[in-house]
Amino acid sequence: AQSVTQLDSHVSVSEGTPVLLRCNYSSSYSPSLFWYVQHPNKGLQLLLKYTSAATLVKGINGFEAEFKKSETSFHLTKPSAHMSDAAEYFCVVTGTGFQKLVFGTGTRLLVSP
Amino acid sequence: GAGVSQTPSNKVTEKGKYVELRCDPISGHTALYWYRQSLGQGPEFLIYFQGTGAADDSGLPNDRFFAVRPEGSVSTLKIQRTERGDSAVYLCASSVGGRGQTSYNEQFFGPGTRLTVL
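Taken in order, these protein sequences are the chains called A and B.
Our numbering puts the first residue of the first sequence at -12, with every later residue one more than the last.
Our numbering puts the first residue of the second sequence at 92, with every later residue one more than the last.
If you are wondering where the hints come from, they were derived from the structure by calculation, not from laboratory data.
Take the hints with a grain of salt, since some may be wrong.
[Stated by the list, open to error] When the alpha-carbon atoms are kept at most 25 Å apart in a straight line, the in silico DSS-like pairs for lysine-lysine are as follows:
| id | chain 1 | residue 1 | chain 2 | residue 2 |
| --- | --- | --- | --- | --- |
| 1 | B | K102 | A | K29 |
| 2 | A | K29 | B | K169 |
| 3 | A | K56 | A | K45 |
| 4 | A | K45 | A | K55 |
| 5 | A | K55 | A | K29 |
| 6 | A | K36 | A | K55 |
[Stated by the list, open to error] Partial list, derived from the structure: chain B residues whose beta carbon lies under 7 Å from chain A:
| id | residue |
| --- | --- |
| 7 | Q132 |
| 8 | G133 |
| 9 | F136 |
| 10 | D154 |
| 11 | F156 |
| 12 | F157 |
In this text the structure is predicted, and so the values were computed from the model without any measurement.
By construction, the Cβ of each residue, glycine as well, lies at the ideal position given by its N, Cα and C atoms.
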């Protein structure tokens, strides 16, 4: 079965400093991996996706993630945090057939001025 | 165009009651998904429709939960004899494509229905 583990439940950064949200995955086959963001009282939004093409994936709002098969990791990064980045972030892997999404437990990103 | 909409946004009910949660997908999306997000957790898959049929209902926790999509558009999630443990945010998503697809089709999520069972 496919699963993801988000290593930090909370991450706190200052505005303008780098962001690193960590995710490890487990999959019995070559996975498709995603990061979703959830702002309070808003729907989940896709940030970026990895589907076996380039291992470095660029997403919206300056976020990137790198697929590392040897480390079974898919960490999310951003060079410089903005106040508007404060939200809950979910690392996600597809189940069989690409329809079912398997979510991690989430990482809450806090950004201070 | 309009995104996925869900009604009601909040539902408070008493233990043992029956509830229905509605999802209006993006027009033209043939695939529809229900997820449940408990407090402090990530969303968990419940059921997936391709057109009118439930292609995968492996995530439904028990037979108190049932979902329909009679005309291949709007879907209703039905919960019988609600229990306090059913309290959660119920999320709906829709996408193009579905069964037999060979790549991921982005799922677009609605804002959710927050269900509270007293």
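Are the Cα positions of K29/A and K169/B separated by 25 Å at most?
23 Å, holds
Can you confirm whether the C-alpha distance between K56/A and K45/A stays at or below 25 Å?
Measuring from Cα to Cα gives roughly 18 Å; hence the hint holds.
Cut-off 7 Å, beta-carbon criterion: hint that Q132/B touches chain A:
6 Å, holds
Take the C-alpha atoms of K55/A and K29/A, compute the straight-line distance between them, and say whether it is at most 25 Å.
Not satisfied, since the Cα-Cα distance of roughly 31 Å exceeds 25 Å.
Can you verify the interface hint for G133/B: is its Cβ closer than 7 Å to any Cβ in chain A?
The hint holds - G133/B has a Cβ within 7 Å of chain A, the shortest such distance being about 3 Å.
For the pair supplied as a hint, K45/A and K55/A, is the alpha-carbon distance within the 25 Å limit?
Roughly 15 Å between the alpha carbons, so the hint for K45/A and K55/A holds.
Is the hinted pair K36/A and K55/A satisfied, with a Cα-Cα distance of at most 25 Å?
14 Å, holds
When the nearest CB of chain A is found for F157/B, is that gap smaller than 7 Å?
19 Å, violated
Given the proposed pairing of K102/B with K29/A, does the C-alpha separation stay at or below 25 Å?
Cα-Cα ~17 Å, so holds.
Answer holds if the nearest beta-carbon of chain A is closer than 7 Å to that of F156/B; otherwise answer violated.
This interface hint is violated because 16 Å lies over the 7 Å limit.
If you take the shortest Cβ to Cβ gap from F136/B to chain A, is it below 7 Å?
5 Å, holds
Holds or violated: D154/B as interface residue toward chain A, Cβ cutoff 7 Å?
Violated, about 20 Å.
The earlier numbered hints that this structure contradicts are 5, 10, 11, 12.
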